[in-house]
Amino acid sequence: AGNKNGNFSFYGGIIRGKLGIGTAYTKDKWKFLFDAYDLDKITLRARGQYKFYPNLYGIGQFILPEDRIGGGTYVGLSYTY
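Heads up: the sequence shown runs through residues 3 to 83, numbered per the working numbering.
Here are the computed distance ranges between Cβ atoms for each label pair: (1) 68 with 41: 13 to 23 Å; (2) 4 with 53: 18 to 28 Å; (3) 69 with 30: 28 to 38 Å; (4) 62 with 9: 15 to 25 Å; (5) 77 with 27: 14 to 24 Å; (6) 81 with 43: 30 to 40 Å; (7) 34 with 81: 14 to 24 Å; (8) 7 with 69: 32 to 42 Å; (9) 75 with 54: 12 to 22 Å; (10) 56 with 27: 14 to 24 Å.
Dumping the calculated BS3-like pairs for lysine-lysine here, alpha-carbon to alpha-carbon at most 25 Å: (11) 53 with 6; (12) 29 with 6; (13) 33 with 20; (14) 6 with 31; (15) 33 with 53.
Calculated directly from the structure, the hints in this document are not laboratory data. Keep in mind the model is a prediction, meaning the values are calculated, not measured. Beta carbons are placed, not taken as given, at the ideal position from N, Cα and C, and that holds for glycine.
Let the hints inform the model, and build the full structure from the sequences given.
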């Protein structure tokens, strides 16, 4: 479920298999997302992406605390088809 207001969108539901909430900001070729999930042991995720070409993105994310499953920092490329 979600709601969009201009460049911002707000959502809630299952995030990485846990109940969570989040917000996203989109502007031109940039998109930034912030999630909070696993509300018993709060986990935070921040992601950003830049659209280089149609379907090709540079991405980065970090998950806190870093010692959680999937925690840490990731930087790479993403291709959607």
